Each structure stands twice: as structure tokens, then as C-alpha cells.
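**Student:** Given the sequences, and given the hints that come with them, work out the whole structure.
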Amino acid sequence: MKPTLRPAEDLGEVFQAHQAELVRLAAFILGDRGAGEDVVQDVFVRMHQREDPLDGDLLPYLRTAVVNSCRSAMRRRLLIRRHAEKHSPCPPLTVEEAAMLSEDRRQVLAALAALPPRRREVLVLRFYLELSEAETAAMLGISPGTVKSTTARGLAALARALKETS
Amino acid sequence: MTSQDEITRTADRLRDAFGAAADVMTADTSLVRDSDADVITLDISPVRIRGPKIGHAWKWLLPLTAAASVVVIVLAEVFIGHSGGNTLATGSLPQIYSGSGKLHLVNVPAPDPAVLTSPGERAADSRVVKVVGNAPRCDAAIEGSGFVYAPQHVITNAHVVAGVTQGQTVTTADGVTRRARVVFYDPRADIAVLDVPGLNLAPLRFSTQAKPGGDAVVAGYPLDHAFTAVPARIGQVLGVTGLDIYQSDQVDRQVYQVRGAVEPGDSGGPLLSSEGTVDGVVFSAAGGVSDTAFVLTASEVQADANAGANATVPVSTQGCMPGR
Numbered sequence: 001m002k003p004t005l006r007p008a009e010d011l012g013e014v015f016q017a018h019q020a021e022l023v024r025l026a027a028f029i030l031g032d033r034g035a036g037e038d039v040v041q042d043v044f045v046r047m048h049q050r051e052d053p054l055d056g057d058l059l060p061y062l063r064t065a066v067v068n069s070c071r072s073a074m075r076r077r078l079l080i081r082r083h084a085e086k087h088s089p090c091p092p093l094t095v096e097e098a099a100m101l102s103e104d105r106r107q108v109l110a111a112l113a114a115l116p117p118r119r120r121e122v123l124v125l126r127f128y129l130e131l132s133e134a135e136t137a138a139m140l141g142i143s144p145g146t147v148k149s150t151t152a153r154g155l156a157a158l159a160r161a162l163k164e165t166s
Numbered sequence: 001m002t003s004q005d006e007i008t009r010t011a012d013r014l015r016d017a018f019g020a021a022a023d024v025m026t027a028d029t030s031l032v033r034d035s036d037a038d039v040i041t042l043d044i045s046p047v048r049i050r051g052p053k054i055g056h057a058w059k060w061l062l063p064l065t066a067a068a069s070v071v072v073i074v075l076a077e078v079f080i081g082h083s084g085g086n087t088l089a090t091g092s093l094p095q096i097y098s099g100s101g102k103l104h105l106v107n108v109p110a111p112d113p114a115v116l117t118s119p120g121e122r123a124a125d126s127r128v129v130k131v132v133g134n135a136p137r138c139d140a141a142i143e144g145s146g147f148v149y150a151p152q153h154v155i156t157n158a159h160v161v162a163g164v165t166q167g168q169t170v171t172t173a174d175g176v177t178r179r180a181r182v183v184f185y186d187p188r189a190d191i192a193v194l195d196v197p198g199l200n201l202a203p204l205r206f207s208t209q210a211k212p213g214g215d216a217v218v219a220g221y222p223l224d225h226a227f228t229a230v231p232a233r234i235g236q237v238l239g240v241t242g243l244d245i246y247q248s249d250q251v252d253r254q255v256y257q258v259r260g261a262v263e264p265g266d267s268g269g270p271l272l273s274s275e276g277t278v279d280g281v282v283f284s285a286a287g288g289v290s291d292t293a294f295v296l297t298a299s300e301v302q303a304d305a306n307a308g309a310n311a312t313v314p315v316s317t318q319g320c321m322p323g324r
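Here the protein sequences line up with chains D and F, keeping their order. Residue numbers for the first sequence follow the numbering used here, so the first one is 1 and each next one is one higher. Residue numbers for the second sequence follow the numbering used here, so the first one is 1 and each next one is one higher.
If you are wondering where the hints come from, they were derived from the structure by calculation, not from laboratory data. Accuracy of the hints is not assured; some may be wrong.
With the Cβ distance kept under 10 angstroms, some of the chain F side facing chain D (calculated, not the full set) [unchecked claim]: (1) F18; (2) G19; (3) N107; (4) A286; (5) V289; (6) S290; (7) T292.
Stretch-level coverage of chain D by chain F, calculated; a stretch enters the list once three of its residues show a Cβ under 8 angstroms from a Cβ in chain F [unchecked claim]: (8) 39 to 49; (9) 148 to 158.
Small disclaimer: the values here were computed from a predicted structure and weren't measured. Beta carbons are placed, not taken as given, at the ideal position from N, Cα and C, and that holds for glycine.
**Tutor:** See the structure below:
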């Protein structure tokens, strides 16, 4: 039996359960912590507005909704990112959070944030959510082959960027 | 050339960094809970800002972020390539919240398109105008909507004329453009009144009889299109707290939450009833919540409307909105 979500009723619970992961997901994809929080908030507001109950496993649905919202937020992000970069040495994190990470890890996340959006999306889904190539392909609506090649290019670009900074 | 070893090592470092970052990233509990919102971002985009040309406009857009360094300012989407390559942006977005606790948006049933065929509403359409002006200091042209509500006087949003110093015009549905002057400007309520000599259209009347659930029409000039009317439905009356259009002072407003497809350019246009009366002035879409808009109620704008109805002396449109 698949879980069913009735709007408003279970939303608070679902939110509590998945909020942290979804915010991280959006922050990593957008390379911007604040923008990530906005995206997740918007997703929950939209869910609340739904008239029809949602059927099925909720986590994949929520993740997909967040990934899609991140894409529409990308255009805003062009403007927001510069602002965020000035403040945090590592865009997906707040200044306080970044201070708790080692320099090496900060460099990795900063290099990730500097990649083109599509590569970043794929790397986040593959190595943060640990989705398979097939799952990543399904979520992004692209072919598994594209996931594979984008992952390889993304990692290579990341390796090059890290070589330059270290 | 990057070796396979290096690729594998990079993947491991990435996993490790994600894991460590996830551990230190604290969940922000100020996000929506219990299905109510603390804050709703207003998508002010019902106004379009048009840079003079694309290259120039980009130069103008990017430095915006420098100005946004203190407060978190959410920027609206940037539309590119519309209407002959102009860049259209929609500035920084104010937010609204409930003065007491959560802002609860209600589910509103879909609008009934039949409202568009009601004779009263159809008759009102010709009194809805497009408002355009240039704000050279902001390097932008601003467009919105408005409507005739007193002889030769058009009401619109203050944010549709903010900072405009040149070429303020009003265009009617038949395509005739007239010079206009702002004679009343209230950035707190977000209302402005234009004196338009020669505009001899019968004024629309305000009505305070609108009820939740009622049919309505959003009428205006969205996205540089010709006159457009779309069906809408009133959800509820809300008392909301937000900031004035310069984001400097706190303002309480009474608004309708409305379901309907409000788009950039609709700002300042009327929310029409099926009888053709004006239930309120459309002033914002709800950011991130599809098909949801906020409309200043007729009672909310009544005092400003009265104050501007006979005014003929031009007043300052002050500065551009923040981030413009």
C-alpha cells in the first residue's frame, strides 16, 4: 500500500521528515543556501495548494518537485549567486556552517557551485542523493547516456578546478 | 588530461564533502509548517521593466546584486528575448505576512470562464488602459495597467510609475496613446493617479460587495500584449503586513487572495466583477504559488482614489523601486 498525502493534514509531518534533506538538495544544486530554502518553501506552499490528494511514495515526488523548482530558480540565481559568494566561502552553506568545514571540503563545494547548472544537478543527484544513473535520468528527464557523460565531464571539470586551487 | 584515478578520487572527495556539509547544515525551522506560510513573497512582476537594449540592460542588471548585499532580496525571473529582443526584468520582491501568526492561503476553486461573457464585464473592458513610462535614472521603461475611475483620471499602482520622469502615457484598447501626468502618488498603499487630458471614457465604479467565492475578471495588458481579460475567483479577504514599495516602512493592507493567471503587466489593472464594477486593484502575484494573486480591495484604495480624482497638479514619482 503506497502512502497517500492529504493536503494540509499530513503536510506538517512530511515537512518535518524531509525538510532538511530537501533544503540541502536545493542548496547544492543552486549553489546558494538562501535560494535553496526559498525553493523548498515554495514547493511546500504549492503542495498545500493542491486540491487533489497525492498518491504514491512522497520522497521521490518531493525531490523531483525541488529539482524542477531549482531549474526555474536558476534564472534568478544568476543574480543571487554573486551576492551569496561574497559572504560565504562556500555558497551552498551559510557563513557559520562553512566555518565548520575543513578547507579541503569547502574547496570541493565551491568548485561544484562554479560548474554549469546541468553538471551540478547531475553530480548532486549522483553523489549526494546517491541515485543510480537510471534514477538520475528519470528525475531529470534525460537519457542514462547523457547522465553518464555529464557525470564524467562534471567530475573532470571539478578535478581540474581543484587542481588549480590547491 | 584527467586520469581515471583522479576522476574516482574526485568523486570520493565530492561524496565526502556532501556528507560533511549535510552534517553541519542546520535545518531552518522558519520555513513553512502546518501548511501555513510565515511570509509570502510578492511577485511584483505585474510590472515589466524594459531595458533600452539587451547588452545595456544586462550591465544594469548585474550590479543589482551589489546593492542587495544587506537584506536578502529575492529577485524575480528575468525574461529575455521578448518583444523584439528587449530584456524584461521584474525587480526585487517585497514580502507580505500576517500581522498575527501565519498567513493562511485558502484553496480557491478554479475560475469560471463564463464570467468573461457577462455583458457588464464586457462593457467595462474599454475603460482599462495600458500605462507606460520611462525612468531614465533606472535605465528602464515600466509598463503596467490602469483604469478610468473618474473623468480623465486613471488609477494604477505606484510601482507602475515609480521613478518615471519621461514619456508617461496611457493607451486605450483602441490603440490611442495620450500623454499623462501623475497627480497623486502613494508608495505606501501602492496607488497612483494619472491625469489624462482628452481621455473621455465613462469611469468605472468601485464596489465593496465582492464576496469570497465570487467570480471576477483580471483585466489588463500583460506581457506587452493587447488588452487581455482572464477569469478569476476571489478566495478570501486578508489583512496583510508588508513594506511600502521602497521597502522602507511597514504597511498594513487589506487584500483579496485571488485565483487567476496574473502576469507581468497586469499590475494596476482592475479586478472586475461580472457586473463590470471594480472589486479592487491588482497589485501582485504570489511568488512561487501558481495562479495566485493579491488585489488591493476597493475599500483599501477608496481614500486614495478620492484624493486623486480631481487632482491636476503633477507630483513627484520619487525614486525607482529598490534594485531597479
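**Student:** Run every hint past the structure and note whether it holds.
**Tutor:** Each hint, compared with the structure:
1. F18: Holds: closest Cβ of chain D sits about 4 angstroms from F18(F), inside 10 angstroms.
2. G19: This interface hint holds because 9 angstroms falls under the 10 angstroms limit.
3. N107: 6 angstroms, holds
4. A286: This hint holds: A286(F) lies near chain D, its Cβ roughly 8 angstroms from the closest one there, short of 10 angstroms.
5. V289: 5 angstroms, holds
6. S290: 7 angstroms, holds
7. T292: 7 angstroms, holds
8. 39 to 49: Since 8 is at least three, the answer is holds.
9. 148 to 158: Per the Cβ count (4), the hint holds.
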